[in-house]
Each structure stands twice: as structure tokens, then as C-alpha cells.
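2 protein chains.
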Amino acid sequence: MAAPRAAALGPEPGSSTQTSHRLLAYSDALLSIIATVMILPVAHTKIHPDQKLGESVQQLLLAKIAVYLMTFLIVTVAWAAHVRLFQVIEHIDDVLALLNLACMMIITFLPYTFSLMASFPGIPFGIFLFSVCAVVIGLIQAVIVAYGFYHPHLLNQQIQESENQNFYKRHILKIILRGPVLCFLAAIFSFFFIPLSYVLLGLVIVFPHLTRVITWCKNKVLGRRGEEEEHHSLETFTFYLSEPLSKERVEAFSDGVYAIVATLLILDICEDNVPDPREVEEKFHGSLLEALSEYGPNYLAYFGSFVTIGLLWFVHHSLFLYVTKATRLMGLLNILSLAFIGGLPLAYQLTSEFAEKSHNEIEAIQVSCVITFFASIFQFAIWTTALLNEEETLHPFARYGGKEHAFMFAKLALYPCVSLGAFFLTCLLSEFSTAIFHLMQIVIPFAFLALRIFVRISLTAIK
Amino acid sequence: MAAPRAAALGPEPGSSTQTSHRLLAYSDALLSIIATVMILPVAHTKIHPDQKLGESVQQLLLAKIAVYLMTFLIVTVAWAAHVRLFQVIEHIDDVLALLNLACMMIITFLPYTFSLMASFPGIPFGIFLFSVCAVVIGLIQAVIVAYGFYHPHLLNQQIQESENQNFYKRHILKIILRGPVLCFLAAIFSFFFIPLSYVLLGLVIVFPHLTRVITWCKNKVLGRRGEEEEHHSLETFTFYLSEPLSKERVEAFSDGVYAIVATLLILDICEDNVPDPREVEEKFHGSLLEALSEYGPNYLAYFGSFVTIGLLWFVHHSLFLYVTKATRLMGLLNILSLAFIGGLPLAYQLTSEFAEKSHNEIEAIQVSCVITFFASIFQFAIWTTALLNEEETLHPFARYGGKEHAFMFAKLALYPCVSLGAFFLTCLLSEFSTAIFHLMQIVIPFAFLALRIFVRISLTAIK
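Chains as they are written, first to last, in our numbering: chain R, 1 to 463; chain D, 464 to 926.
Hints listed in this document are in silico derivations from the structure and should not be mistaken for laboratory results. No incorrect hints appear here.
Label-pair distances were calculated between CB atoms; the ranges are: (1) R:ILE453 x D:ALA605: 17 to 27 Å; (2) R:LEU429 x D:PHE747: 51 to 61 Å; (3) R:GLN160 x D:GLU855: 27 to 37 Å; (4) D:ASP735 x R:SER293: 29 to 39 Å; (5) R:PHE207 x D:PHE872: 42 to 52 Å; (6) R:ILE442 x D:PHE747: 44 to 54 Å.
Derived pair list, reagent style PhoX-like, types lysine-lysine, alpha-carbon separation capped at 25 Å: (7) R:LYS247 x R:LYS403; (8) D:LYS710 x D:LYS788; (9) R:LYS64 x D:LYS746; (10) R:LYS247 x D:LYS710; (11) R:LYS174 x R:LYS218; (12) D:LYS866 x D:LYS710; (13) R:LYS403 x R:LYS463; (14) D:LYS527 x R:LYS283; (15) R:LYS247 x R:LYS325.
Idealized CB from N, CA, C, for every residue including glycine.
Build out the structure end to end from the sequences listed, making use of the hints.
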């Protein structure tokens, strides 16, 4: 037990140096909660049962959903920058741990300032607040980098041994401060000319991808590839799409999102659906069972969303068991999948709120199907992207012709197929839409087990 | 990259066997969220500003706080059983992953059924529901054990090689099913004689500790120790207080609790404190800054609680860096510390809700100090417990006379001292209580850095 512990204390055991593992796990947990927080105002929007959901969705929810999606993307951009940063700085000490906590505190404030900005698009102060948050985050990260390079034993082994430490330092600082400088300009311009501020803030998200596309095009036109790219691949801290992200952190961040999303509905149920003792006495003549049966749809919504999210986690887990390297494109697809998963509790809550067989209910069920479809199809896209470069990104068993290839394909294809099927069935047989939907929820867990048996039998039959 | 991956796929790479690492991390995340969920009804209790907090606390909050604490303990009992279970079963396959998800789903329902039981102590159906949940959880865990022993390659290496597999199986099943059998009886008796049900349910929590104390007393009286205890220590799956828990899982569970508690207030702020554009236009003449200044106390409460929880996490992280083994007693102390940490957002929210210098505000601040004190003193207790058996539980640097011993002591003593000091200061100088409290919040992060420098200087001075 003592040996691995000593190793875990870092390159200089006994000094204050520590591995960053637990700090990063904690940061991932915080960031995944923050990324999904803006779904709450969407889920808690009260829709009057008499209103038609079609209009309500368009008017009430659309703005909030947009805020949720944008916040999710912004926090994941901050998360990706955090991943890159701690790929350079591999060991921490007390100062870095405290600096990181300060950085986290400001990041957790981003969703709030963003929703202020979205609610008051014409008021400079909203833009100013958001930009200032982003600038402060950038400054703290710059201090972390400076501190790391001042204490080189904290750095990545490769950079530690490199002779060009100063080159790396300048390069990393340039990338980290690019966004905050744009935000700083946005903060200043917010008081003079607001549209320019929005353009500048938009640039922050688009810029890394833009430069990537431009260099890719340039290389394509000029025909230079091998030498140049190999040079680039040494600089671990860039934004290029094909570079690997830390697989552990992608998993940890995804786990956090799945866990918080799976429990979002139970938080509401625990708070709102404990009946009042007096009401039970008066209205239901003391029968708790009758009082609880009123909340039936809520329980159904909870079990439905927990099962769906649990199984999508299960598919994700199965997939990443065979992924050896997560490229940036795979990371992007994963984040898009997670963004849709964040919408699932909302969709299920909608299905529980309407009286049976109303027009609204069918629409709510269809929205649930669409969200499930997109969440699962992006998971499928991660796999196909991995297959394109399977030598590097996949375990041999999951590649074409591998032992687990067919089973993985079936697992990943199950949810897109079922949700698409359920969607079209509700269109055709609108009277039975609720029954179809609940049947889908109940059948799918068994389908996974049946799939395993089916694939095994067919594989042995082929042999 | 391929080598560690292949290893991670378990003892038979290519088969469906997988390491349980990620499944357990996901379970820990779910369980930690569920353990803290019942703090929400406490935190959202509306207290009228004119009411005296002293009475309100006693009447309104006390029942809810009791429910929160009991739920926390019940979920942590379920968590501890889960840890034990997956110390026996070290590898998983698809069936076990799905069974575990089913188990998680029922566990997430425990807080709700418990609060039903607490709201309707005299109605059989509440007790019945809670007991049924507990029975179902026990049954699923029994199925997991049976499945694991039917596929021995999934088991712990030690048990796999043992000749007494059947003995282990019976022993584990006995321990797992003891609780559910008591709950089953409680469910039946709930319809005949309710008090007996409560006694039976109480037994479930007390039983493991009771048997431990009884065997300890028996050994003390009869004088048998060495041989007997060594024999017991081979049976990894028991409830004895001195046996090690998986340190990784203690850390993961704690991280989850710290992360969800740190972000609880921002969830509320994001949802409730975005001002309505129309209101800003009418009431504040379009000035966003003025509208936001109304929420000032909320921001202060958020930053205060984030800083305190962040730093308590930091202390926990520093401590567990030097802990090599977590005994059951240390686990228990850790859980008590976490239970108080769950109360922090509530305390901070109380401080933000009252007008300045009212009697209520001083009481709210004192409650905050008391909660902080208990959360940190239990952390200190973990350390002292570890020191009692330092050869086994602590890294050499943290033991008596170790390089980091003095610094660790100072780190752990900081919060108990400061919170106790703040408490007595607010008693003496009640007029300045708010100022004292905010000063405490701002000074502490710098105190940690100053501490590091101070300890270093004094150590070199001694030499």
C-alpha cells in the first residue's frame, strides 16, 4: 500500500507536490453540474394545461432552451480549456489547488451572467458582467500557467525535458489569453456599440475552429502535410480537432452530467410531491394511497427518465470501454450528445403534466422521442468517427471484424431506431401514443439483454 | 496506450468482462447527490422576515433537518453496503451493470419514501413503501452476489482462489439479506402494530454496530484476541469498524457531496435571481445594476458558501493525500463531517435572508458558525483516529515527527478555531456580527497560504 501512495505523491515525494487526479475529478463534477444547471428554469416553466403546447413551446420555452444550450456550450468550452491546461500542468501543490478553486468559483457564475445577458440583450451592464467573468477566468488561468512554468517540476514530463520551455510558455499563454482579450474588448465596447460586443463574444467560440479550418485549407492547397503536422502534434496544448483529449476527463465529465440529469426529477419529487398531512386528512379521508395516486404521472416520468438516462450511460460506458483515445471531434460529438441528454428530464416532465390523450401530450411525447433520438445518434456518431481512424482510437475487439464489433453496433443503433420508430408510430396511431411510449420504456432494458443473446447465437451460427 | 487498456478490460480481455471502475464512479456520483437531496426542502422553507428565527427554527425547520440527517445516514448505509459488495465483485459484465443501475434507481427513491414515512408516521402505507424499497434493494444485491459467484472470474482475486467460496457466499448473503429481512417484517407489521415496525427499522441501522460492540466486549471478557481477529480480517465483507473501506470510493463519494453542496446555491440563483425585464423597466427605470443590487446578499451567500466548502474540500483533499487506508471508523467520521457540510448552504442562505442587524441575523450567523465548526472538527477527528493507528493508516510524512505533520495539524485546526472564535465574538460583539462573519470568509483563503509560509519559516528556525 505504501508504494503506490508514495508514487501518487508526485515526482518529489515529501515535497508539497501532488498528483492532480482528485482535483481534476472534483473540477469535472463541479463543471458538469454547472453545465446542466440552466435546464432547471426550462423544466420549471409552468404551462397552463389549457394552453396548446405547440404555441407555448414556441413562445415560452424557446428562449430558455436557447439559453440552456448556449450555457452548456460555453461551460464545455471552459471545461475543454481546463482539460488542456492540466494536460500541461500534471502535478499540483497547495497554491495551484487554491487558484483552481478560485477559477471554478468564477466559472460557476458564468451561467448566471449569461442568462442575465440573454434577458437584457440591450443593456450594456449584462454584457459587461459576462465579459468580466470570462476575463477573470482567463487571468487566473494565466497565473496558473505562469506559476507552473516558474516551478517546472509541476509540468508535463515532455515539456519539462524540452529545451524550448519558453516557446511553450508563450504559445500556451497566447492561446489562453486570446479569448479573454476578445472579452475585454467586448466589455469596453458594450458601453459604446453593443453589436460589436456580440460579434467579439461570438468570435471567442468560433475562433479556434476557424483557425483550424483555415490552416487545414491552406495545407490542402499548398500540399504540405506530413512535416508540418508532425511539428504541430508536439505542441500538446492547441485547439486542433484531431488531437486527443484526456479520455479519463471526458468520462468523468460525462458521468457527472449523466448523474445530475438522472437525479434532476427526483430532486423535484422529493421537494414538491410529499403531500401535506392536513390535506390528506381533509381531501382523501386519511388515505395516503389515494393522495399519492395523484402523483402517479410524476413517478412514471421519473422512472422513465432514469431508465433512459441510465441506459444511455450504459451505452456510453460500453463504447468508451473500447475507445483508446478521444479526439477533439469525438469530444465535440460527445458534448452535443450530452446537451440533448440534459433536455431529457424536461421532456419527461412535459409528458407527465398533461391530461391523457390531449393534443399536448402527443406533442410532448414526440419531443421526448426527438430528444432521445438526437442524444443517441450523436453517440453513434462518436463511434463512426472513431471507426474512421480505428487504428489509433479503438481497441482491436471493436474494430471492423473484431469480436465485439457487431454487438457494439447493435447496442448503439438500438436507441436511435426505437425512438425514431416510436415517433412515427405516434404520428400514425395518435390514439395509442401514450401506450406506445410506455411500452418503449419498459421493453428497452430487456432488449439490451436479448441483444446480447441474439448476437451470440448469430455469431455461433455463422461460424 | 493499448497495453493499459487491455489490462483495464479485466482478467479475460475480449470477453465481456470489464473493470468496475467507471460503474462505481457513476454510482458514487448518483449516491452523493441523493444523500444531499433532502437539504433542499430545508433550504427552501420560507420564513417570514418578521418571525423570530429562534422559534421558526424550532417549529418549522427541526423536523425537516431531522429528515435530512436521517436520509443522509440511510443513503450512506446503502452506499457502504454497495462499497462492500463491489469489494467482493471486482469485475463486471453487462448483466451486472444493468442490475446495478436497477439497484441505483430504487436507492434514489429511498429519500422520497423516507420523507413520506416521516410526514405520516401513523399511516401504515408510508412505512410499507419505505420497507418495500429496502427489501427490493436487498433482493437485487442478493441477485448480484448470486450472479457473481456463478461466474467466479468476476470475483475478488482472494475469494476466487479460496477453497471456501461457498462459505464466503453464504456469509455475504447473510449480511446482505439481514437488513431486508428485518424490513420485510417491518412491512408486514406496519398493518398490525406500527411501533414494532419502527423498532425493526431502527434495528437495521444499529444492528451491525451492535454485533460489533458485543463481539468486542466478549473478546475483552474472554481474553481471546489475536487468533480470532486475524481469522476475521480475512473475511473482507463484514461490518467491523476497523476494516478498511475502499479509499478511492470514500474520496469519490466525498467529492460528489462537496460538488453538489457547493453548487446548490447557484442552482437557486440561476433560477430565481434573473430579474424580469418588465420589472426592471418599471421599477428601476431600466437600470440593471440597481435591480441586481437587490440580490446582493444572495451573491454574498453564494461566494461565502462556495469558499467555505471549497476550502473544506481542500483540507479533506490534503488529508486524504496522506491517508493510505480508510478504516470504518474514519469512514463514519467522514460521513458525519459530510452531513454537516450538507447543511452549510442552508446556513448561508439564512444569513442572506434577513435584514441587517436584526436578532434573526445574529442567530443565523451563529448557526453557520456551529455547522462549520462541526464539519471541520469531524475532519480533525478523522486525522486523530488515523494517528491512533498511524503505522497502517498514514503516510510516513504525516505521522508524528513527519515532515508534513505540523502543517497538516495547522491546516485541520484552522477552521474549528476560526469558527469557534467567530461564534464567541458574535456573542460578545453582537453589533458587529455581520462584519466579523464576512471578515472571516475573506481572510481564511489567505490564512491557508500564510500558514504554509509560517510553518516553513518556523521549521527552518527550529533547525
